[in-house]
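Engineer: Sequence:
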Amino acid sequence: MADVAREAGVSVATVSKVVNGRYGVSRATLEKVLGVIADLGYEASLGARSLRSLRTNVIGVLVAEFEPFSTELLKGVSDAIDSTGYELIAYSGRHHGETVGWERRSLVRLAGSVIDGAIVVTPTIVDAEIGGIPVVAVDPHTGPVDVPTVDADNYAGGVIATEYLLGLGHRRIAHLSGRPDLESARLRERGFREAMARAGVEVDERLVVVGGFRAESAEGPARELLSGPDRPTAVFAANDLSAIRTMEVARSLGLRIPEDLSIIGFDNVPESALATPPLTTIAQPLKAIGAAALQMLVTMLDGATPAPAHVRLPTTMVERASCRAL
Numbered sequence: 026m027a028d029v030a031r032e033a034g035v036s037v038a039t040v041s042k043v044v045n046g047r048y049g050v051s052r053a054t055l056e057k058v059l060g061v062i063a064d065l066g067y068e069a070s071l072g073a074r075s076l077r078s079l080r081t082n083v084i085g086v087l088v089a090e091f092e093p094f095s096t097e098l099l100k101g102v103s104d105a106i107d108s109t110g111y112e113l114i115a116y117s118g119r120h121h122g123e124t125v126g127w128e129r130r131s132l133v134r135l136a137g138s139v140i141d142g143a144i145v146v147t148p149t150i151v152d153a154e155i156g157g158i159p160v161v162a163v164d165p166h167t168g169p170v171d172v173p174t175v176d177a178d179n180y181a182g183g184v185i186a187t188e189y190l191l192g193l194g195h196r197r198i199a200h201l202s203g204r205p206d207l208e209s210a211r212l213r214e215r216g217f218r219e220a221m222a223r224a225g226v227e228v229d230e231r232l233v234v235v236g237g238f239r240a241e242s243a244e245g246p247a248r249e250l251l252s253g254p255d256r257p258t259a260v261f262a263a264n265d266l267s268a269i270r271t272m273e274v275a276r277s278l279g280l281r282i283p284e285d286l287s288i289i290g291f292d293n294v295p296e297s298a299l300a301t302p303p304l305t306t307i308a309q310p311l312k313a314i315g316a317a318a319l320q321m322l323v324t325m326l327d328g329a330t331p332a333p334a335h336v337r338l339p340t341t342m343v344e345r346a347s348c349r350a351l
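With our numbering, letter number 214 in the sequence shown gets 239, and the count goes up by one each step, no holes.
Among the clues, some could well be false.
Quick list of in silico lysine to aspartate or glutamate cross-link-like pairs, EDC-like style, CA-CA up to 16 Å [as the list claims (entries may be wrong)]: (1) LYS100 / GLU112; (2) LYS312 / ASP178; (3) LYS100 / GLU90; (4) LYS57 / GLU92; (5) LYS312 / ASP28; (6) LYS312 / ASP327; (7) LYS312 / ASP104; (8) LYS57 / ASP104; (9) LYS312 / GLU56; (10) LYS312 / GLU92.
Keep in mind the hints are simulated off the structure, nothing from the lab.
Here the structure is a predicted model, which means the values were calculated and not measured.
Can you make the complete structure from the sequences, with help from the hints?
Structural biologist: Here it is as structure tokens:
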């Protein structure tokens, strides 16, 4: 404000009146100060704004890290926020290998002074009391919690993926699962197992291994699956990143996809369409999930209770070129 006042040749008090919309400034002075503000790119700090009005009009999207899943969700929030009057800040809260509790530290740091409410993506801990601001959880590790929640139908997606491979004639189907501590991973595996049981196909437990949702953690288990003499003819990977790494491992072992091995993923992140060959996958409506979470949060910021408090969106098949019939 001092910079604006100096450039405009007025007092700091006058600039303060202009910024805060108070009376006592002539039209000519108002236009002059506004012109300088535009030229200098002046913006009041969020902290100062919150002290004046108790609101910042900023919504935060808090993620552990920026990776394909969270980035697609963020696009959905960004697309939907224009009509709300709120601004958006994206914040990566995990650091130094931290895997649990990053949400608490991030909310305490940002709540009130920077953001009015938060969408927390794949949180490990969610507590409506943290920070004292409205919070919506997306795909929490433990499943629906005591705050409004949005997720996809992971169980149905697991069934769809497995039934698709069964329909192609595969019976030795491996499952490269996600992290065992995540409800989404458990539901996808449950869908796999129940689809196999309904088809009368026994699951070979040697073909169910933990891939961990990350390319680097999936590589060793994928190599183990595909190196044995009685390898699977198809792999259902719990997410696209581990599916794509499985494809790379298969090629390194001399296997052709889909001629020698069919692979299906989960999520439908952009990388899946760019894989070689393009990856057949189960699509989560990630942008729609982000938009739904935003709508729930805006409802809460307006003082209402979102109904329902848990939104579960459907998963669907995206058929590409990484699977074929036996």
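Engineer: Give a verdict on every hint.
Structural biologist: Going down the list of hints, with the structure as the test:
{"no.": "1", "hint": "LYS100 / GLU112", "result": "14 Å, holds"}
{"no.": "2", "hint": "LYS312 / ASP178", "result": "15 Å, holds"}
{"no.": "3", "hint": "LYS100 / GLU90", "result": "15 Å, holds"}
{"no.": "4", "hint": "LYS57 / GLU92", "result": "45 Å, violated"}
{"no.": "5", "hint": "LYS312 / ASP28", "result": "41 Å, violated"}
{"no.": "6", "hint": "LYS312 / ASP327", "result": "23 Å, violated"}
{"no.": "7", "hint": "LYS312 / ASP104", "result": "8 Å, holds"}
{"no.": "8", "hint": "LYS57 / ASP104", "result": "35 Å, violated"}
{"no.": "9", "hint": "LYS312 / GLU56", "result": "41 Å, violated"}
{"no.": "10", "hint": "LYS312 / GLU92", "result": "14 Å, holds"}
Violation of the numbered hints given earlier is confined to hints 4, 5, 6, 8 and 9; the remaining hints are satisfied by the structure.
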